[in-house]
Amino acid sequence: MALWIEKYRPASFDEIIGQRDSVEKLKAMVKSGDIQHMILSGPPGVGKTTSSVVLAKAVFGNVWTQNFMELNASDDRKLSVIQGKVKEFARSRPIDAPFKIILFDEADSLTQEAQQALRRMMEEYSSTCRFVFSVNYQSNIIEPLQSRCAILRFQPLSKNDVYEFIDRVSKNEGLTVEKEGKEALEYVSKGDLRALTNIMQSLSNISKNITSTAVYANAGILDSGKIKQGLKLALSGDYPKSREIFEGILDSGVNMKEVLSEIFDILSSSEDLVEKKAKNYIIEKLAETDYRIIEGATPYIQFQSFLAFLSSLKG
Amino acid sequence: MLKEPEQRLEDFVENYPGKIRGAFLSLFEKGANKFIFDGPSGSGKSFLVKAFAKANKMTVETINLYMLDNVEDADKTSLIFNIIYNSAKSNSLFDQGRKLIFVEDIDKLLSVDPGILKKLRGLTGAVIVFESRNGEIFRAKNKAYVNGYEIIRFYKLNERSLKAFAYRVLSLNKIQLSEETINKIIKNSRGNLSSVLSDLNMAATLGKESYTPPRNSEDSIFEQLNSVFAGNVEGINPHFYSDMEAKNFEIWIADKAPKVLTRENIYRAFEMLSFSDILLRKIRKQNWVLLRYVQSILFNGITALSPGNQVSITYYAPNWNVYYKMN
Chain A
1 MALWIEKYRP ASFDEIIGQR DSVEKLKAMV KSGDIQHMIL SGPPGVGKTT
51 SSVVLAKAVF GNVWTQNFME LNASDDRKLS VIQGKVKEFA RSRPIDAPFK
101 IILFDEADSL TQEAQQALRR MMEEYSSTCR FVFSVNYQSN IIEPLQSRCA
151 ILRFQPLSKN DVYEFIDRVS KNEGLTVEKE GKEALEYVSK GDLRALTNIM
201 QSLSNISKNI TSTAVYANAG ILDSGKIKQG LKLALSGDYP KSREIFEGIL
251 DSGVNMKEVL SEIFDILSSS EDLVEKKAKN YIIEKLAETD YRIIEGATPY
301 IQFQSFLAFL SSLKG
Chain B
1 MLKEPEQRLE DFVENYPGKI RGAFLSLFEK GANKFIFDGP SGSGKSFLVK
51 AFAKANKMTV ETINLYMLDN VEDADKTSLI FNIIYNSAKS NSLFDQGRKL
101 IFVEDIDKLL SVDPGILKKL RGLTGAVIVF ESRNGEIFRA KNKAYVNGYE
151 IIRFYKLNER SLKAFAYRVL SLNKIQLSEE TINKIIKNSR GNLSSVLSDL
201 NMAATLGKES YTPPRNSEDS IFEQLNSVFA GNVEGINPHF YSDMEAKNFE
251 IWIADKAPKV LTRENIYRAF EMLSFSDILL RKIRKQNWVL LRYVQSILFN
301 GITALSPGNQ VSITYYAPNW NVYYKMN
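Just so you know, the sequences run in chain order A and B. The opening position of the first sequence corresponds to residue 1 in this note's numbering, with each subsequent residue numbered one higher. The opening position of the second sequence corresponds to residue 1 in this note's numbering, with each subsequent residue numbered one higher.
Calculated from the structure, these hints are not laboratory results. Treat the hints with caution; some may be incorrect.
Some, not all, of what chain B presents toward chain A, calculated at C-beta under 8 angstroms [said to hold, decoys possible]:
| # | residue |
| --- | --- |
| 1 | Val60 |
| 2 | Phe81 |
| 3 | Asn82 |
| 4 | Asn192 |
| 5 | Glu245 |
| 6 | Phe275 |
Pairs of lysine to aspartate or glutamate, EDC-like flavour, derived with a Cα cap of 20 angstroms [as the list claims (entries may be wrong)]:
| # | chain 1 | residue 1 | chain 2 | residue 2 |
| --- | --- | --- | --- | --- |
| 7 | B | Lys184 | A | Asp21 |
| 8 | A | Lys78 | B | Asp75 |
| 9 | B | Lys163 | B | Glu136 |
| 10 | B | Lys50 | A | Asp21 |
| 11 | B | Lys54 | A | Glu123 |
| 12 | B | Lys256 | A | Asp21 |
| 13 | A | Lys279 | B | Glu264 |
| 14 | B | Lys54 | A | Glu143 |
| 15 | B | Lys187 | A | Glu124 |
| 16 | A | Lys276 | B | Glu61 |
Chain B stretches covered by chain A per the calculated footprint, using a threshold of three residues with CB under 8 angstroms from any CB of chain A [what the hints assert, rightly or not]:
| # | stretch |
| --- | --- |
| 17 | 149-156 |
| 18 | 195-205 |
Positions of the beta carbon are idealized from the N, C-alpha and C atoms, including for glycine.
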């Protein structure tokens, strides 16, 4: 069985969802046959790697695998290894093409030192090679590299973009996804299409009908209904009961970090739970809780103090 | 790819034509042969090196010290010294001219062993230029070592010189772009010539007038600030692409909030800012989860405090050094 993330990886520019601006630029580059060094920046799962593969296919045609190399974060990021690989790849002449393309996936994890060394390599091999860096945070790339590159910014995907993709997959696979199921998928994947595809594939093994409960249960994400209930209780001033609920959740082996992150998502996306002013205040407190835990405080105590704060809000 | 102007000395771009170039050339004529080029990236350091070598028929050898990183620390001192020393001494059979050695960059050398600079001082023959970008050489502890090296300072390029450069590149390639696009590219570049070139290339490839988004997403900051102070953040993209971006945003808010908000809300706003600042400090240590809180506090939190009507703020820059004072 094929992995869906490979099956539904866009093969052409037109299949890439969202990112109109960046795709237009890439298309223009292909048309002129003139590729620059590039930095593709944006959150995960919005099409950075895919775009570069599509670009390589469009430029090189059948010989794209010979002229395209991807260096992933999982590969050794030692300078000597990078140096060796780049040298080996860039030294030989491109096949049926004016140049080759090297993609540094997740380049934010390159050390500063490695980037400094890359700057020289980029110059040295600029006649045979184009460098593409895909990053989550642009500021992790040093200025001399940034200025040598065109910068394409990939936007987080909108809800409608994600729905469009869900429709595409479900139509192809004969799945039925109701509106609530779609919302759940969008929520769980947070706009990351790679995560979304994986969830859909694993769900399709169980049933052709994807419901919101199935999504939450399967995604390894805790039951947000339960957390919401706990929050509501705390906000209504019932500290003991809400503590009971959260204790249950934590006892089932859920990480405190996940719970906090879930609470953040619930608070920031829901309109009905608390009024706006209080919401910001609560999020600030939540951030403080998270911060203290990162600082090394006991998660259990910090979380209870947060719950106590919530229940104190009710007069 | 756009054709770049040839690397001739008289094409060197600087804010006051002839100043940096003149200083360098006259020092060279007086017999100096060891230089440190200090300045931000994209200010023309390597261009001047190449153009100078070309004009004087020298061969340039570039040494990137970061490439040597896979060697144990103990050996590095002698390794770096030997590499520079040997390439200064060796001369290929074919080029009889003098050699110019360009070392990227001196900060690395200083971090390994500044004593190398002292050892190299007696070297004659080749011209050696070190590149420096972080101002490390001006630290008191390094003063003794850089003694004997001529320091040439480079500066961020101003809009006028960048514009002249852009027009020269365009006319060289017989391409036309609207004044508006060019201005935007120059503004986005923040004084970095190499950025201008990259963006011109992009614009030329696109082949038509198109939207040129800021190179740094933080450059759309005024739009975001206005929305925050006007109490409506619905239409803007609240995604910070980096922690520095968030930091910048924070500083702008800190600077302008007192002009927009009322008394007790100013206090609330600063409480929020102070907290988000603490979070940011943590983010730098790889706790990226915290960034979303900062985002939420800066956008939604501050927005909720605003009086709600359309506000107009004049955006002269905050007094950065007050905010960035290092401890």
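These are the hints, each one checked on the structure:
1. Val60: 12 angstroms, violated
2. Phe81: Since the shortest Cβ distance to chain A is 19 angstroms, the answer is violated.
3. Asn82: The hint is violated - asparagine 82 of chain B has no Cβ within 8 angstroms of chain A, the shortest such distance being about 19 angstroms.
4. Asn192: With a closest approach of 5 angstroms, the asparagine 192 of chain B hint holds.
5. Glu245: Cβ of glutamate 245 of chain B sits 7 angstroms from chain A, so the hint holds.
6. Phe275: Cβ of phenylalanine 275 of chain B sits 6 angstroms from chain A, so the hint holds.
7. B:Lys184 - A:Asp21: 17 angstroms, holds
8. A:Lys78 - B:Asp75: 18 angstroms, holds
9. B:Lys163 - B:Glu136: Violated. Lysine 163 of chain B to glutamate 136 of chain B sits at ~31 angstroms, over the 20 angstroms cutoff.
10. B:Lys50 - A:Asp21: 37 angstroms, violated
11. B:Lys54 - A:Glu123: 18 angstroms, holds
12. B:Lys256 - A:Asp21: 32 angstroms, violated
13. A:Lys279 - B:Glu264: 19 angstroms, holds
14. B:Lys54 - A:Glu143: 27 angstroms, violated
15. B:Lys187 - A:Glu124: 29 angstroms, violated
16. A:Lys276 - B:Glu61: 63 angstroms, violated
17. 149-156: violated (count 0)
18. 195-205: holds (count 6)
In this structure, the earlier hints numbered 1, 2, 3, 9, 10, 12, 14, 15, 16 and 17 are contradicted, and the remaining ones agree with it.
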